[in-house]
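*Asks:* Chains A and B supply the protein sequences, listed in that same order.
One point on numbering: in this note's numbering, the residue at position 98 of the first sequence is 1099, and numbering is uninterrupted.
One point on numbering: in this note's numbering, the residue at position 237 of the second sequence is 1238, and numbering is uninterrupted.
To be clear, the hints were calculated from the coordinates, so they are not data collected in a lab.
Careful: at least some of the hints might be erroneous.
One copy or two, it doesn't matter: identical chains are merged, so the pair holds either way.
[As the list claims (entries may be wrong)] Once the Cα atoms are required to be at most 27 Å apart in a straight line, the calculated BS3-like pairs of lysine-lysine come out as:
| no. | residue 1 | residue 2 |
| --- | --- | --- |
| 1 | Lys1151 | Lys1070 |
| 2 | Lys1316 | Lys1048 |
| 3 | Lys1355 | Lys1151 |
| 4 | Lys1110 | Lys1121 |
| 5 | Lys1346 | Lys1151 |
| 6 | Lys1220 | Lys1070 |
| 7 | Lys1210 | Lys1341 |
| 8 | Lys1025 | Lys1181 |
| 9 | Lys1289 | Lys1181 |
| 10 | Lys1343 | Lys1316 |
| 11 | Lys1094 | Lys1025 |
| 12 | Lys1011 | Lys1316 |
| 13 | Lys1024 | Lys1048 |
| 14 | Lys1121 | Lys1070 |
| 15 | Lys1024 | Lys1341 |
| 16 | Lys1022 | Lys1210 |
There are 2 protein chains.
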Amino acid sequence: MYDIIFANNKTRGTTLTDQLKGKKPLFSCVIGVTETAKIPGISAAGKNPDITDYTPPADVELLQLGRCKCIPGVPVTPEGIPTPALITMSALKLADIPSLVVSAGLQVKPYVPFLDLGGKPGRDIRTGRALDNAEEVMNRAKIAGENLSKTADYLVIGESIPGGTTTALGILLAMGIDAKGKVSSSMPNNPHELKIKTVEEGLKASGAKVGDFAQDPIKAVSSVGDPMIPAHAGLVLGAADRVPVIMAGGTQMAAALAVVKASNSTVLDNVAIGTTRWVITDKTSDLKGLVAEIADVPILATDLNFGQSSFDGLKAYEAGVVKEGVGAGGAAMAAMLKSKGKITKEVLLREIEKNYRQILKV
Amino acid sequence: MYDIIFANNKTRGTTLTDQLKGKKPLFSCVIGVTETAKIPGISAAGKNPDITDYTPPADVELLQLGRCKCIPGVPVTPEGIPTPALITMSALKLADIPSLVVSAGLQVKPYVPFLDLGGKPGRDIRTGRALDNAEEVMNRAKIAGENLSKTADYLVIGESIPGGTTTALGILLAMGIDAKGKVSSSMPNNPHELKIKTVEEGLKASGAKVGDFAQDPIKAVSSVGDPMIPAHAGLVLGAADRVPVIMAGGTQMAAALAVVKASNSTVLDNVAIGTTRWVITDKTSDLKGLVAEIADVPILATDLNFGQSSFDGLKAYEAGVVKEGVGAGGAAMAAMLKSKGKITKEVLLREIEKNYRQILKV
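If we strip away everything but chain A, and leave its shape as in the complex, we get (with noise of 0.2 Å):
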């Protein structure tokens, strides 16, 4: 339908995007920051590691005020590919979907309005103790999913944190889910070697072994996760008793995914994944694997492909860099879907070009 890729459970996938066409969305995006992306190799989603911390808080920036306020130009990978917060902007600008920018835990504050839960930075996971206050997080995280709940037809909830999917392995990996090789990198070249070694020494550190925390998801996201995970988890938890509940990111997702359902599995029937085609056909991760061995819900796949773009900053997504981030392939299919399919891949692609142009005055 539309241009949306079908992957795990094609069958409730095309359900749910019947169900939600025309319908109102709510897009959320959960920030937090870990000192795990500091770590020299680890994250691409800045141009150097120190200023990372930057990365999120600018994001949202450009989500609702359509520029950055607290960094010049946008986010940027090393090699100068900007933000995926560029997508997902273009797309809630087209659909005129509201936004709500929560706050897991931060360094540096956005210039715009954020929910607060309470939540502080996380620590490098190498320590084994990423976080102090997990699930009180996750508990104020609830009480705001369900009055979000009531707000919207749906919710789609993405996440910008550097260095997240090392801290994702590290859940994956401390509940005990086969993880090894499978998240994905904003890098093409995705350093699977150093971001092992980095969660087993968290594992070893905080005295667990593989699989310990498998029904205990607050001693592994406290453990070797990061503050955006029990955030992400308590707003899908709070919300989708009432309304269904698009996850939106990469491999990310698995994590939050796995915390939601060690908390409340009975959820996850009204729980989806929408991401991008960049993640779904990357060499170097495996988000299906991953989902299949946690709940048989849907992927959802947005269909972009910035092949044909006349700027090389967005041409490079074709090769693997980004993929993915601030829920760039949720917001994607929530305008289409709004839309009833008037927005299309190409009308985005125009509107992503036309900010691109203005944003970054090339």
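Go by the hints and put chain B onto chain A.
*Replies:* Chain B alone, transformed into the frame defined by chain A:
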């Protein structure tokens, strides 16, 4: 209609309530603090002036958790009369209305999710320098209001800020509105002289005279106002372009209305004041007169009556204690409207008494 009393612009008031019957509101509560509340004799929104910092966070905890967490029990006046948040909480619960807490500037953070607008607690207005970043807070509130207006059929925006009628008087006088002796009080004996003296000291310290800031609402609130007002007005300005907004409160809403009008008078067509009978029948204040001076917007008052209550803490409302706060009047009318009249004042009183009994264990 239902148990709603119409005052000021009854024509538009009845049209509006007709239009809102059965529709879905979002309730938002703007909380903040000002050192002004600690001047002895100014505020009864707390057992004593020193603990007024806890009243706003405790109020919103009651709304979202059904109990307070940052204090034992619930906020009370020095005589032990409980917070109007009990009314708001009961109304939202009965009518299944979602809520969003907005912080305009706090000393004590609530244990529930809150939207952060970058605001800080207000200084004692006798300094003449009440706020540092009122414009930034108002701009962020506008962004929030725009987004929220896409999630509901209408907004009801309440407030909780101890000392707020004194700072409201400050703003009204700074903007040239004849407000002396007209602002309300949570005490039966309204300390008008103390409030006027406090504001006059503040105006003098700021180097301004009555009316000097008639065209400059940011200067008015920055000199002798409080953080709640620019946040509240910003939400209204952001939302009322698209959906009706009920400004829920007593005479403080006149100050917010003056700020809205001076910022963008075109939204006034979509705005009404929502309050309680206790406010519009109060002989020590004059909400109707204040609003009439500013703009011809409807005043709607919920006809709550606690005269027959079996609890002295509720009966005291009939003697002019508390009167309004935490958007009690607006939330109560939203519950009546959403339920198309099924929730009457009697139904609401029973729910309030039930919650009173459970929470205060009486």
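*Asks:* All hints, please: hold or fail.
*Replies:* Structure-based check of all given hints:
Taking the shortest alpha-carbon separations for Lys1151 and Lys1070, only the inter-copy value of 24 Å comes in at or below 27 Å, while the best intra-copy value is 31 Å. Taking the shortest Cα distances, Lys1316 and Lys1048 sit within 27 Å of each other inside one copy (18 Å), while across copies they are farther apart (63 Å). Taking the shortest alpha-carbon separations for Lys1355 and Lys1151, only the inter-copy value of 24 Å comes in at or below 27 Å, while the best intra-copy value is 34 Å. In this homomeric assembly, Lys1110 and Lys1121 come within 27 Å of each other (Cα to Cα) both inside a single copy, at 12 Å, and across copies, at 14 Å.
In this assembly of identical chains, the alpha carbons of Lys1346 and Lys1151 lie at most 27 Å apart only when taken from different copies (24 Å versus 30 Å within one copy). Taking CA atoms no more than 27 Å apart as the test, Lys1220 paired with Lys1070 passes between copies only; the shortest distance there is 24 Å, against 36 Å inside one copy. Proximity of Lys1210 to Lys1341 under the C-alpha cut-off of 27 Å is found in neither arrangement, the shortest distances being 48 Å within a copy and 57 Å between copies. In this assembly of identical chains, the alpha carbons of Lys1025 and Lys1181 never lie at most 27 Å apart, being 37 Å within a copy and 47 Å across copies at closest.
Taking identical chains as interchangeable, the C-alpha atoms of Lys1289 and Lys1181 lie at most 27 Å apart only when both belong to the same chain, with a minimum of 14 Å there against 68 Å between chains. In the homo-oligomer, the alpha carbons of Lys1343 and Lys1316 lie at most 27 Å apart inside one protomer (24 Å), although the nearest pairing across protomers, at 58 Å, exceeds that limit. Taking the shortest Cα distances, Lys1094 and Lys1025 sit within 27 Å of each other both inside one copy (14 Å) and across copies (24 Å). Taking identical chains as interchangeable, the C-alpha atoms of Lys1011 and Lys1316 are never at most 27 Å apart, the minima being 29 Å within one chain and 60 Å between chains.
Neither within a single protomer nor between protomers do Lys1024 and Lys1048 lie at most 27 Å apart by alpha-carbon distance, with minima of 38 Å and 48 Å respectively. Both within a single protomer and between protomers do Lys1121 and Lys1070 lie at most 27 Å apart by alpha-carbon distance, with minima of 22 Å and 20 Å respectively. Within a single copy, Lys1024 and Lys1341 get their C-alpha atoms as close as 9 Å, and across copies as close as 24 Å, so both meet the 27 Å cut-off. In the homo-oligomer, the alpha carbons of Lys1022 and Lys1210 never lie at most 27 Å apart, since the shortest distance is 45 Å inside one protomer and 58 Å across protomers.
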